[in-house]
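Spelled out, the chains give:
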Amino acid sequence: MATAAETRKRTGKSRDTSVDQELLLQAYRDMLLIRRFEEKAGQLYGMGLIGGFCHLYIGQEAVVVGMQMALTPGDEVITSYRDHGHMLATGMDPRGVMAELTGRSGGYSHGKGGSMHMFSKEKNFFGGHGIVGAQVSLGTGLAFSNWYRSNDRVAVTYFGEGASNQGQVFESFNLAALMKLPVVYVIENNKYGMGTHVERASASRDLSKNGAPWSIPSIQVDGMDVVAVKEAGDQAVAHCRAGKGPFLIEAKTYRYRGHSMSDPARYRTREEIQTMRTQHDPIDGARHRLEALGVDESVFKQIDDEVKAQVQEAADFAQSSPEPDERELWTDVLLED
Amino acid sequence: MARKTMIEAIRDAMDVMMGRDDDVVVFGEDVGFFGGVFRATQGLQAKYGTRRCFDTPISELGIVGVAVGMAAYGLRPCVEIQFADYMYPAYDQIVSEAARLRYRSNGQFTCPLVVRMPTGGGIFGGQTHSQSPEALFTHVCGLKTVVPSNPADAKGLLIAAIEDPDPVIFLEPKRLYNGPFDGHHDRPVTPWSNHELGEVPEGHYVVPLGTSAIRREGSALTILAYGSMVHVAMTAAAETGVDAEIIDLRTLLPLDLHAIQASVRKTGRCVIVHEATLTSGFGAELSALVQETCFYHLEAPVVRVAGWDTPYPHAQEWDYFPGPGRVGRALLETMAA
Ligand SMILES: Cc1ncc(C[n+]2csc(CCOP(=O)(O)OP(=O)(O)O)c2C)c(N)n1
Ligand SMILES: [Mg+2]
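Chains A and B, in that order, give the protein sequences.
Following my numbering, the numbering of the first sequence begins with 1 at its first residue and continues without gaps.
Following my numbering, the numbering of the second sequence begins with 1 at its first residue and continues without gaps.
Hints listed in this document are in silico derivations from the structure and should not be mistaken for laboratory results.
Careful, some of the hints might be misleading.
[To be verified] Below, a sample of chain B positions facing chain A; criterion: calculated Cβ distance under 8 Å:
1) 23
2) 33
3) 57
4) 106
5) 124
6) 125
7) 189
8) 190
9) 191
10) 314
11) 318
12) 319
[Unchecked claim] Facing chain A, from chain B, some residues (calculated, C-beta under 7 Å):
13) 54
14) 92
15) 96
16) 128
17) 202
18) 204
19) 206
20) 313
21) 315
[Said to hold, decoys possible] Pairwise CB distance ranges, derived in the manner of DEER restraints:
22) 148/A x 254/B: 17 to 27 Å
23) 39/B x 291/A: 27 to 37 Å
24) 204/B x 43/A: 43 to 53 Å
25) 188/B x 273/A: 43 to 53 Å
26) 336/B x 334/A: 47 to 57 Å
As the structure is a computational prediction, the values presented were derived from the model and not from experiment.
C-beta atoms are modelled at their ideal positions from N, C-alpha and C, and glycine is treated no differently.
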C-alpha cells in the first residue's frame with residue numbers, strides 16, 4: 001500500500017504545492033482504510049475476538065493522514081495507545097495490526113503488546129504507548145538522535161489534550177527548545193480525556209500556546225480537514241528541518257466512539273457527536289473536495305471496494321493466524337543467549 | 001448489614017469517613033463527575049461537593065505531590081491512581097516525600113495520606129493495566145501497604161487507612177471488585193452477594209492494619225496469600241484435598257508475623273502465593289521471615305508460587321496468572337517433599 005507520503009515523493013510534488021487531486025485521493029483512501037479498519041476492530045471486539053483495551057481512532061483520521069502527507073519516509077512517528085490509525089498511516093500492514101488486536105502470532109508484537117503496544121522498525125513507527133504522556137519524552141529523544149546524527153529527519157510526536165497536562169510534556173518542551181531538537185509535537189485535541197472535558201482538565205484555554213514559555217512556534221488547525229493539517233504539517237516540518245527547533249501543532253479534532261470499548265460516553269450529548277459526524281467528518285470533507293474537482297462516483301466506489309477487501313483480509317488473517325507459542329511468554333524480556 | 005460488592009464497600013468507607021471528618025478529601029482522574037472508572041467514588045461529589053471530591057488532570061505526580069502537601073498541613077487526602085500501573089510518575093513523591101516526612105522532620109510533620117490503586121491482572125489489560133507493584137512499596141520504609149481480599153475487609157481496612165497517621169498504599173485487586181474470582185477464568189464468577197464476606201457492616205468500623213485472618217483452618221500446610229490469591233488458594237486446597245491453613249495477610253506492612261509463625265510452627269510446611277513477579281517479590285520477604293523464625297519447625301522447603309518474571313503479557317494472560325492448577329501442584333509437591 002502506498003501511503004500519501006510515498007505518493008507525494010513519487011509524484012515529485014514539492015512541499016508547498018497545495019494538495020493535488022492524486023494526493024487528495026490517496027489521503028481519502030488512507031483515511032477510509034483507517035475508518036473501515038476501526039469499524040471492523042469494533043465488530044471483532046463485540047464478537048469477543050479482541051479482548052482488553054481497545055481505543056478507536058474514528059473521527060480523527062485527518063490528523064495523522066494530513067501529517068503523514070507532510071513527512072518524508074525516514075521521519076519518526078510515535079503516539080499513544082490510540083494508535084491503529086497511526087500505524088496504518090505509516091504504511092504498516094493492516095493484517096499484522098489486526099492480528100495483534102486478536103493476540104495472535106501474526107501480530108506485530110506476537111500477542112505480547114495488544115492494541116496499545118505495536119511497533120515497526122521498518123516504518124519508523126516507535127509505538128503505541130499505554131502510559132499517558134510517556135511517548136512525549138520518547139519522541140523528544142528520537143528528535144535528539146536525529147540532531148545527534150546530523151540527519152534531516154523529524155520526529156512527529158502525537159499526544160492527546162489530556163496527556164498535555166502531564167509534567168513530562170513540559171519537561172520535554174523545555175529540553176527540545178533548549179537544544180533546538182527537530183520534533184513536531186501534535187496535540188490531538190478531541191476535547192475529552194476519558195470522561196473529562198478539556199476545560200475541566202486544563203487551565204490553558206489555547207493549547208497551541210502551551211509551548212509559549214519556551215517560544216515554541218505553533219499553529220492551531222482544524223483537525224477534521226486533511227488539507228489544513230497537511231499544510232500545518234508542512235510548515236512545522238520545514239521549521240524543524242531548517243534546524244530551528246521544535247514546533248507545536250494543536251489539531252482540533254473529535255472522536256466519535258467512546259474512549260475505549262467499555263465507555264458509555266455519558267459525559268457528552270448525542271447532538272454534539274451528530275454535529276461533528278454530519279458537518280465536520282474528515283472523510284466526507286475530502287470527498288466533497290474531490291467531487292468538486294470532478295472525480296467520478298466510480299472512483300470512490302472502486303476505492304471503497306478495495307479498502308473493504310483489504311480490511312476483510314486483515315480480519316481473516318487476524319482470526320486464522322495461530323495463537324502465540326507458549327514459549328513466547330518468556331522471550332524478549334532481555335536478550336537471550 | 002447488606003451484601004455489597006468490593007467497589008461498593010470501598011465507596012462506603014470513603015462515604016463514612018467524608019461524613020465524619022471534614023478533613024477527608026477525595027480526588028483523582030475522573031473521580032468526581034464520572035465517579036471513577038471503576039465507580040469507586042460514584043455519588044461522592046454529588047453528596048459532598050466539588051471542594052471535597054474532585055477531578056484532576058492526568059498528572060499522577062501532581063496528584064500525589066499535592067496530596068502530600070495537604071497531608072502535611074493536616075488534611076486527610078484519599079487519592080485514586082486510576083490503575084496501579086500509572087503510579088510510576090508519582091513514585092518519587094511517594095518515596096521521597098510521603099514516606100520520609102515524619103522521619104526527617106523528627107515527627108513534626110506527618111503524612112496521613114491514602115493512595116488507592118487498582119492492581120492485578122485477570123482483566124486482559126496487558127502490561128500497562130495488570131501489574132501488582134506491592135513490593136515496590138513494602139521495600140520503602142515509612143509506608144504501610146494494604147491489600148484487601150473481600151468487601152468486608154476492604155471497608156474496614158480503608159477506614160483504618162484513612163484514620164492512620166501515616167501514608168498508606170491501598171492496593172485493590174481489581175479482579176475481585178465484583179466477586180471472589182478464584183482463577184478459573186472459564187467459569188462464571190460467584191458474585192459477592194453469594195459470599196459471606198460480601199456481608200458489609202453499616203457505618204464506621206475498622207479492620208486494624210497489621211492483623212491477618214485465617215480463611216481456612218488446616219493442619220497439613222500453611223498458605224500465605226493476599227488479595228486475589230486468597231481465593232485461588234482456597235480453590236487449590238479444595239481441589240487437591242490438601243488440608244491447608246490459609247492466611248489472608250490483609251496488610252503486608254505492618255505484617256502479622258505472629259499469626260504466620262503460629263501457623264507454620266503448627267503445620268511445618270509453607271507455600272507463599274502472589275500474582276506479582278517472583279524475583280524480589282513480597283514472597284521473598286515472607287520466605288526469609290519464615291526461614292528465620294520457623295526454621296526448626298519446617299519439614300519441607302518454603303515454596304513460592306508467583307507471576308513469571310516477565311512483563312504482563314497481552315495474549316497469554318492465563319499462562320501468566322498463577323491459577324489454582326499451578327498453586328495446587330505446589331501444594332502437592334510440598335506435601336510430598
Ligand atoms: C499515566 C497514565 N495515567 C492515566 C492513564 C489512563 N488513561 C488512559 S487514556 C486517558 C485519557 C487520555 O486522554 P487524551 O490524552 O486526551 O487522549 P485521547 O484518549 O483523547 O486520545 C487516561 C486518563 C494512563 N493510561 N496512563
Ligand atoms: Mg483527548
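Each hint tested on the structure:
1. 23: 25 Å, violated
2. 33: For residue 33/B, the interface hint holds, since the closest Cβ of chain A sits about 7 Å away, which is under 8 Å.
3. 57: Constraint on residue 57/B satisfied, holds at 4 Å.
4. 106: Result: violated, 30 Å to nearest chain A Cβ.
5. 124: 4 Å, holds
6. 125: Holds: closest Cβ of chain A sits about 6 Å from residue 125/B, inside 8 Å.
7. 189: At 16 Å from the nearest chain A Cβ, residue 189/B fails the 8 Å test, so the hint is violated.
8. 190: 22 Å, violated
9. 191: 19 Å, violated
10. 314: 3 Å, holds
11. 318: 11 Å, violated
12. 319: 5 Å, holds
13. 54: 9 Å, violated
14. 92: Constraint on residue 92/B not satisfied, violated at 10 Å.
15. 96: 15 Å, violated
16. 128: Hint on residue 128/B: holds, closest Cβ of chain A at ~3 Å, below 7 Å.
17. 202: Hint violated; residue 202/B Cβ to chain A Cβ min 30 Å, cut 7 Å.
18. 204: With a minimum Cβ separation of about 31 Å from chain A (threshold 7 Å), the hint on residue 204/B is violated.
19. 206: 33 Å, violated
20. 313: Since chain A brings a Cβ to about 6 Å from residue 313/B, closer than 7 Å, the hint holds.
21. 315: 3 Å, holds
22. 148/A x 254/B: 17 to 27 Å: The hinted range 17 to 27 Å is violated for residue 148/A and residue 254/B, with Cβ atoms some 50 Å apart.
23. 39/B x 291/A: 27 to 37 Å: Distance hint for residue 39/B, residue 291/A is violated at roughly 47 Å.
24. 204/B x 43/A: 43 to 53 Å: 49 Å, holds
25. 188/B x 273/A: 43 to 53 Å: 35 Å, violated
26. 336/B x 334/A: 47 to 57 Å: 34 Å, violated
Of the numbered hints stated above, those contradicted by the structure are hints 1, 4, 7, 8, 9, 11, 13, 14, 15, 17, 18, 19, 22, 23, 25 and 26, listed in ascending order.
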